[in-house]
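**Q** Model the full structure from these sequences, guided by the hints.
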Amino acid sequence: MVIIVCLIILAFILLFMEIFVPGGLLGFLAVCCILGAGYTGYVHYGTAAALSITLLSAALGVVMFFIEIKLLKASGRHLSVESSITGRSVERPEDTLAGKHGVALSNLAPGGKVRIEGKDYEASSLSGLLHKGAEIVVVRVEDLRIIVKKS
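For the sequence shown, numbering that gives the first Met the number 0 begins at 0 and goes up steadily by one.
Treat the hints as calculated values from the structure; they're not laboratory data.
Note that the Cβ used here is the ideal one computed from N, Cα and C, for glycine as well.
Within a straight-line C-alpha distance of at most 25 Å, the following computed PhoX-like cross-link-like pairs (lysine-lysine) qualify: (1) 118 to 131; (2) 149 to 131; (3) 118 to 149; (4) 148 to 112; (5) 149 to 99; (6) 112 to 99.
Just the calculated beta-carbon pair ranges, DEER-fashion: (7) 21 to 51: 23 to 33 Å; (8) 0 to 22: 29 to 39 Å; (9) 150 to 23: 56 to 66 Å; (10) 127 to 99: 13 to 23 Å; (11) 23 to 114: 45 to 55 Å; (12) 144 to 73: 49 to 59 Å; (13) 127 to 19: 46 to 56 Å; (14) 31 to 0: 14 to 24 Å; (15) 47 to 73: 32 to 42 Å; (16) 114 to 94: 12 to 22 Å; (17) 139 to 71: 54 to 64 Å.
**A** Have a look at this one:
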């Protein structure tokens, strides 16, 4: 009987920890503990005891899970992210940039950042190393990269 009680207590501890360490592994281990307690009950006390142990433990585990969620919400913590992502992906440069002039924002060796008409872009240099601050002119646009040379 001690093993059954210990497995059930361990299952509840694992379910409690699952709230703070998401990923499902601790929940899976908790289910294994409940099933192990049920199996141990079957071996020592028969089918009726095993079924009772398993179903009662699982029901208590679900109730405990919902109580934990309520307590987390009452404490001001939430299980979901409520912030927004402020990052952005690289914009596709316009094909009309060919022939436009700009300035190198970083060393282009051969790739780096350039500013053309007030917007920043990734660019590659045709004329080798270009130092930061160098005046550039757009030769062509390929996919997401602008090809430039020293003006």
